[in-house]
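Chains as they are written, first to last, in this note's numbering: chain A, 567 to 807; chain B, -6 to 243.
Check each hint, because a few of them may be wrong.
Said to hold, decoys possible - Below, simulated SDA-like cross-link-like pairs (lysine to any residue); rule was C-alpha separation at most 25 Å, straight line:
1. B:Lys172 / A:Arg748
2. A:Lys751 / B:Lys172
3. B:Lys172 / B:Thr146
4. A:Lys751 / B:Asp161
5. B:Lys241 / A:Pro724
6. A:Lys582 / B:Glu238
7. B:Lys17 / A:Val721
8. A:Lys672 / B:Pro165
9. A:Lys701 / B:Lys83
10. A:Lys751 / B:Val159
11. B:Lys17 / A:Thr694
12. B:Lys17 / A:Glu709
13. A:Lys701 / B:Val207
14. A:Lys672 / B:Leu200
15. B:Lys17 / A:Gly688
16. A:Lys647 / A:Val692
17. B:Lys217 / A:Thr705
18. A:Lys632 / B:Ser163
19. A:Lys672 / B:Gly101
20. A:Lys707 / B:Ala199
21. A:Lys647 / A:Val740
22. B:Lys189 / B:Val24
23. B:Lys17 / A:Val692
24. A:Lys707 / B:Lys83
25. A:Lys647 / A:Val623
26. A:Lys647 / A:Val736
27. B:Lys190 / B:Glu50
28. A:Lys672 / B:Val207
29. B:Lys241 / A:Pro728
30. A:Lys701 / B:Ser211
31. A:Lys707 / B:Ser18
32. A:Lys701 / B:Pro85
33. B:Lys11 / A:Val692
34. A:Lys632 / B:Leu140
Hints are computed from structural coordinates only; laboratory data are not their basis.
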Amino acid sequence: VTTLAVLEPRDGALRKISFEVVTGAQRLGQPVEAVVCGAGTVQGVEQVGKFGADKIVTLTNPAFAKYAPEAYAQALAERAKQGGYRAIVFAASATGKDLAPRVAAKLGVAVAADLTDLAAAGGGVVVTRPVYAGKALLTVKVESQPAVLSLRPNVFTPVERPKAATSEVVAVSVPAGRVTVREIKAAPPGTLAASRSPQTSRCWRSWRAPLAAGRRWVRRARWSMPDGVPTPIKWGRSARR
Amino acid sequence: MKIAVCIKRVPDSETRVKIATDGKSLDEAGVKFVLNPYDEFAVEEALRRKEQAGSGEVVVVCLGPAAAQETIRTALAMGADRGVLLQADKIPPDPFESAKVIAAELIGSTWDLVLFGRMAIDDYHHQVGPLVAELVDLPCVSAVSHLEIAGTTGVAEREIEGGIEVVDFSLPAVLTTDKGLNEPRYPALKGIMAAKKKPLEVKPTALGAGSLEVLALSPPPQRKDGRVVGEGPAAVGELVRLLREEAKVL
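Same shape as in the complex, but just chain B (with noise of 0.2 Å):
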């Protein structure tokens, strides 16, 4: 089998965030980056269905700055087999522009398996995998929690609201993991060790403008006081509305 992980680098979910001095981005010092944690879940599938298949290659593509390279390395100490890393020092706030050179490079070669997390948990787009499966006229189920593969056929299972939507797919085919597919495994010092030796090949990239343009990058709004509806029975009504309408948990 051969599949295609693609991953991105990502700030550590425990960050602080920090609003540049632009007012648009994310103060990057001191900020430890990982590999996007839903990207995780691709990789691992990668390797279980390599290891399954008996032989084949996991190939790990990155779109980011040069310091993606050690997020690939992650991978590789995963167990992938080789990386590409399309280094690009701005990656623009339009995930269709980063659809359009990830599928460039997918377009070279035919794979079996794409992966792609369900979404990077910086930004939040979970849409860049449907959007290289459609550029590259690839079937595409997001989401997945659970898979199987027999022959050139798939079935999936993914999460929705109330109940799981069970989808049946053909290879080669365009695939985003979601959390519960699998336990990633974490990189053995073997492993570290061996992937420093995995090749990496950098390819420079140049990426559009797009269409959508960040104006500004601010802080959630303060959290209101608790406050108190009423005593007694006659607050229930109160409460139960304010619960449905302003809290929106009931």
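Next up, chain A with everything else stripped away, as it sits in the complex (with noise of 0.2 Å):
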């Protein structure tokens, strides 16, 4: 049974983590479809045939030229309806996360999000993936049909094997959507969430905060006086930091 691995284009080019989902999704077993949405042909699409998938499909509507999430939700969505899929793998990226709950929720089922581990299991899907900020692994079976599942990105390392892909470029009409994306802005250097990783980012509002801060405080002035010298405290500024 055919995999569906959707690609992941950014301004008309595809992104690396795309050859991760096609890596991730050959754990299922072959063929490996590889499915992306793009305004004209996606550049380094081709490429993909080198990571193992058997056949690319560009979907191509104007609407493609940005990520526009109802439009390439109602796209795969239909894209998998015909296709009769064992699984439909995305990459649990910030754009994947977004659209693979759209797609799943047009065929009915839910996701398996954000997984670090996959293995096809009689006719379901075994996967692992992390819980309670990654305190604990949980294994689910997947058995929806078809399994829709986001791989963690940075993972599934890339393996190449190289494979003479042939490819089909499929128009397809979208509805217009009512939610669009503007522009890409860049962020604030040191600003993204998105590069902190998700485990620590939750030290705030904890009532212990302020009482490590005092501690690290206390540490940093043992350390930074000379012997003898009496430590000052003060606790006001320490908590603040």
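Both chains are given apart, each in its own frame, so use the hints to dock them into the complex.
What follows is the structure, given as structure tokens:
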């Protein structure tokens, strides 16, 4: 049974995470069909054949120049319904996290999200996903047909398995979206939460935070003072840090 | 503005995860449960929008066990007007089942905004918001970290890898809130006292089993010991390779 790997384009070119998706999708067996949405041919899309895709499908529509959530979801869901796929694999990137549930809802199933491992088991798929901020791993059997999965970025190292992939370009029609991406602007450096680890992102609003800050400050002060000099303690100041 | 905020009761982020004897779930003995931190952003945003509009209603909807009433009271103490508890003893691991019952509850009235947290800090599904949006057929923007609303149109910003996506959408809409959208308020004593008198409707809810079946909940693999790659400039190449391929930090 074919697995559908959903590639991720941005600005008319393929993002590298797409190779991870194609690599991860092959854990469920062959063949793997890769699908991408674009206003025209997506730059670099032929490269996924190098990573083991048997067929590359480009769904084209003028509305696909930028990420168009509703149009992408509509086109992908229609493709998924026609194909009779075992699984539809997304990347759990910012865009994938937005797109996967929309497609899943149109297919009447849930997403097994943010996977770190997956394997075919009988008619279904057995997946592993971190829960409780990575403090535990949940092993889940996905019985839905198709299984909609999203893979955690940076876990599935792309492996080259060159294949002579066939390509297909399909023009699709989609309804006008109610949600449109106007632009992608540059973020001020160091401000993107996506670049921070999700596990450590919640220290805020904890009653322990000021205490920990105080302890850190005392520890720092102790090390920076010469022997015998008492360390000044300014609790108010340290608690704000 | 009539705003629905969908919240979840989750174990506190500082919980020590202890696996129950069935090997499939969290041992809830001694675990402190809180309002999901991402949902706090949603509650705060709803309250600010209502205050800005000068009138309206903020309704908190929660799917959870009877004990989730306490979680709803937290949101009411922050300033929400009333609560609805969709009471189910066991929430199945399939988020589509949760989305179905929440959608069924929301579809009964008209809303200007429906807010969700981006994800729950227990099961990390980050999808119930968009699933509900599809089910009730409203436009949806997920992981909103900046929001401007004028009339029946809105502009939201979402963080994506290497940039910020600016999204236009029309109201009514379903939004999921991310960190950075606002600074949630602490419930004041006055609010906590007032919350006790606010209406809270409990509706028994039956959920389907869904198509996801939990096989096991296990502790994460132990961290491996550190190791010395080599010494001197000769080891640099190997170190860079390991950092890139094994540690995946480059």
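*Would the pair Lys701 (chain A) and Val207 (chain B) pass a check requiring their Cα atoms to be no farther apart than 25 Å?*
holds, 17 Å
*With a cut-off of 25 Å on the C-alpha distance, tell me whether Lys17 (chain B) and Val692 (chain A) pass.*
Status holds; Cα separation ~15 Å.
_Holds or violated: Lys701 (chain A) and Pro85 (chain B), Cα atoms, limit 25 Å._
Measuring from Cα to Cα gives roughly 20 Å; hence the hint holds.
*CA of Lys17 (chain B) to CA of Val721 (chain A), is that 25 Å or under?*
Given that 25 Å is the threshold and the Cα spacing comes to 24 Å, the pair holds.
_25 Å limit on alpha-carbon distance, applied to hinted pair Lys751 (chain A) and Asp161 (chain B)_ = Holds, because 14 Å separates the two Cα atoms, which is no more than 25 Å.
*Lys172 (chain B) paired with Thr146 (chain B) [C-alpha distance capped at 25 Å]*: holds, 22 Å
*Does Lys701 (chain A) pair with Lys83 (chain B) here, judged by a C-alpha cut-off of 25 Å?*
Satisfied, since the Cα-Cα distance of roughly 22 Å is no more than 25 Å.
_Distance restraint between Lys647 (chain A) and Val740 (chain A), which requires alpha-carbon spacing of 25 Å or less_ = Roughly 15 Å between the alpha carbons, so the hint for Lys647 (chain A) and Val740 (chain A) holds.
*asked:* So if I understand the rule, the pair passes when the alpha-carbon distance is 25 Å or less; does Lys751 (chain A) with Lys172 (chain B) pass?
replied: holds, 18 Å
_Proposed proximity, Pro728 (chain A) with Lys241 (chain B) (alpha carbon, max 25 Å)_ = Roughly 24 Å separates the two Cα atoms, so the pair holds.
*asked:* Need the status of pair Lys17 (chain B), Gly688 (chain A): alpha-carbon distance at most 25 Å?
replied: holds, 21 Å
*Keeping to a limit of 25 Å between CA atoms, is the pair of Lys647 (chain A) and Val692 (chain A) held or broken?*
holds, 22 Å
Checked against the numbered hints given earlier, the structure satisfies every one of them.
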